[in-house]
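S.K.: For the protein sequence lines, the chains are A and B, in the order given. Position 204 of the first sequence, counting from 1, maps to 204 under the numbering used here, and the rest follow consecutively. Just so we're on the same page, the numbering used here is the position in the second sequence counted from 1, plus 1000.
Honestly, the hints are just simulated from the structure, not real lab data. Here the structure is a predicted model, which means the values were calculated and not measured. A couple of the hints might just be wrong.
[To be verified] Label pairs and their in silico Cβ distance ranges:
| no. | chain 1 | residue 1 | chain 2 | residue 2 | range |
| --- | --- | --- | --- | --- | --- |
| 1 | B | V1078 | A | R139 | 46 to 54 angstroms |
| 2 | A | D232 | B | R1091 | 44 to 52 angstroms |
| 3 | A | E476 | B | I1242 | 37 to 45 angstroms |
| 4 | A | R145 | B | V1078 | 35 to 43 angstroms |
| 5 | B | Q1140 | A | P127 | 34 to 42 angstroms |
| 6 | B | I1304 | A | R145 | 18 to 26 angstroms |
| 7 | B | Q1140 | A | G486 | 30 to 38 angstroms |
| 8 | A | R83 | B | S1115 | 35 to 43 angstroms |
| 9 | B | G1128 | A | R145 | 40 to 48 angstroms |
[Claimed, not checked] Counterexamples of contact, computed for chain A against chain B with all Cβ distances above 10 angstroms:
| no. | residue |
| --- | --- |
| 10 | P82 |
| 11 | R83 |
| 12 | A118 |
| 13 | R196 |
| 14 | Y491 |
Glycine included, each C-beta is placed from N, C-alpha and C at the ideal position.
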Amino acid sequence: MNALSPTTLRAPSLQTEGMTKIFGPLVALDDVSIDIKAGSFHALLGENGAGKSTLVKCIMGFYHADKGKLRLDGAEVAVASPRDARAHGIGMVYQQFTLVPCLTAAENLVISRADAPAVIDWKREMPKLQAFMERMPFRVPLDRRVASLSAGEKQKLEILKLLYLEQRFLILDEPTSVLTPGEADEVLGLLGDMARRGDVTVLMISHKFREVKAFCDSFTVLRRGQLTGSGDAQIATVAEMSAMMIGDTPIRERSARSARHEDRTVLELNALYADDAEGRPAIHAVDLKVKAGEIVGIAGVSGNGQSALVEVLSGQRPLKDGRLFINGKPFEPTRKDFDRFKVFGLPEEPLKNAAVPRMSVAENIAFRSYDKPPISSLGWWLSPGPLRRKGEDLIDRYKVKTASPDSPIESLSGGNVQRAILARELSGEVDVLIVANPCFGLDFASVAEIRTQIMEQRNRGAAVLLVSEDLDEVLELSDRVAVMSGGSITYVAPIGETDRNTIGKHMAGH
Amino acid sequence: MTGADLYIVLLAMIGGAIRVSTPFMFVALGECLTEKSGRINLGHEGNLVLGAMVAYAVSFMTGSPWLGVLAAGGAGLVLGAMHGWICALPRVNDIAVGIAFMSFGTGLAFFFGKSFIQPSAPGLEAIGLGDWTGNSAIAQALQVNPLFLVGIALAVFLSWALANTRWGLILRMTGDSAASARAMGVNIDLVRLLATAVGGLLAGIGGAFLSLYYPGSWNEGLSSGQGLMAVALVIFARWDPIRCVWAALLFGAAGALGPSLQSIGISQGYYFFNAAPYILTLFIMIASARSKSAASDAPGELSIVK
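Modelling step: build the complete structure from the supplied sequences, incorporating the hints.
M.R.: Listed below in structure tokens is the structure:
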């Protein structure tokens, strides 16, 4: 074990030549050749479904390319399985962590080794692990269970694991989505330093142009399985790179923010407390007011209580203490009050949180109205005719792409599921709108459209509470920004009086 | 109740705990091992009863009770391996299969065991750990079966192996995060098959103790649900082999409550006190379902946790 001694191991270069992968009728990867130089920090850009993960999975040996070659340091290599990739020194950090939560950091490192001893002598292993940590640019406590580490520490440990296994070509799949801006900059900066020293070569899948501009030195763009551009990340502009990503897809003009004319508080959260599933405090003394015609954006690193807050507001999680008010009147998150106060919501992962996957699109669209005329009569009799007509009408108005109103909603693409939910929630009169990560995993065109819809609701006078892990989204949409950290709101400021750095500091809990 | 009576009851309960706890201990350790791999085997009641029958029959036919113990382990191993293999098939639910195996194992034992209800087979000999005291009550209480000591040694070994061997870490990894295990090239189904098979072996040995030592004969009402209670016991012990031993002793002591009260002449509520282990199970299930730490110690892949 001589990790990071540059005399024995150097960063490799990697090329793919004419990589092609076909799934049935879909050409997921069409003749893609990329060239990543030794010791570079290379960005792989593209929308969802552009073929980035297919390409990476072909490199890692999860998929067998139908055509194409892989070269490592110029020599052709055959990678038939992830094990082969590992033997060649190619390692990957996945979006979902692959660490084992119930094992300690040290146990996770040792067991990941191919030559892990049958009986582990911890008295010998621990000093070795500590010596390894000493040489690393960032550290993680070795004796703590992974379950108790923060997301940032887990991400660092994932990277440390690859280095511990002496892997010199690192593939990172959107590594910063779980980190604070500060942590992201730290991790990427240190990896960049290691790449420049020639210790590692990094291929990073990313959506964030800011990170690509700040840390990467070259990039490749994929669209619909094809290579649409590559070059020097420092020379190419963001506009050029995004043009390569989106191509000529027309994007709906963003609706402008109209001037506010009201100063009336609509939604008021008063000292909210709630526990998580294991009984630990999830949110703690949350106070917030949202005015009519205002978007309050809550930024924060994933897992700091934002989802618990949204669950409380949508009635999915019991409130331990505190009150909710709408227009000064007490509000209980029940179906009756949602109706009475015109409260609507776009939760994150709508297929999971706002839809019944196997029910039809029309039925899902009727969830807010199935018990009212014209769909229902006498309060209990459901008429399928009006239900279907309403579904057809909204599918048409909101351009939901579905084979028929009767198809199960799970057969729709992510953007279309979100559009169907938008149709259900936003087609009536909205006083309060609660939105959580509405654009997560959607393509550019859908993102623009959904943000426009949210802005239109604001302009019409709705009080909008937006919870998002995407700081750019919060900055784009909000009138006021709040930061959630450790279950509390630690910072609130009007958008004009704050900036990315200040918000980032509060996200990190400073 | 006088002080002397209390002394007798306590001593009888300690003796009872040592005697009654052994099958609980073996089934609980087997179940602990199985659940650490991410699967639940509710069929251990079947293993226990089949193990008891096989041990008694083999001991009767060969005259060697230890051969009976081995055969019981073998029967348990086969049942466990079958459970593990069936659960590896796509879309098979381990809980449903477990319930099927509970009926299968007991049914098999009743079918083949009919002819062994009458004859008397040689049992296991106890070691008199308290004989040197010269006190007959203490000597009686400290009659320890070798299997009890084997069970404790096994718990210590399992506890060590889970933290200090590659196999232990791979087992815990498989039970906690199948995705990570798969990413590391671990054959999850194989790990679970082996863990369930060895777990079944331990439960089978637990059954041998029932028919060859205490109560010490084969009949159809022998186990009366001890294999199921041991599953509750594993949750109570929060998936820790050493705590499984303590929990088994607690259940054993509860089971000995009725007979020991009877020994000092309290026979009122005899059946009620005999029901103590079942009542204890009920309360433990309620308490551990409410416990917050139990949730964080549970292997993440268990179907009851997900």
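S.K.: Checking against the hints above, which ones are violated?
M.R.: Numbers 3, 5, 7, 8, 10, 11, 12, in rising order.
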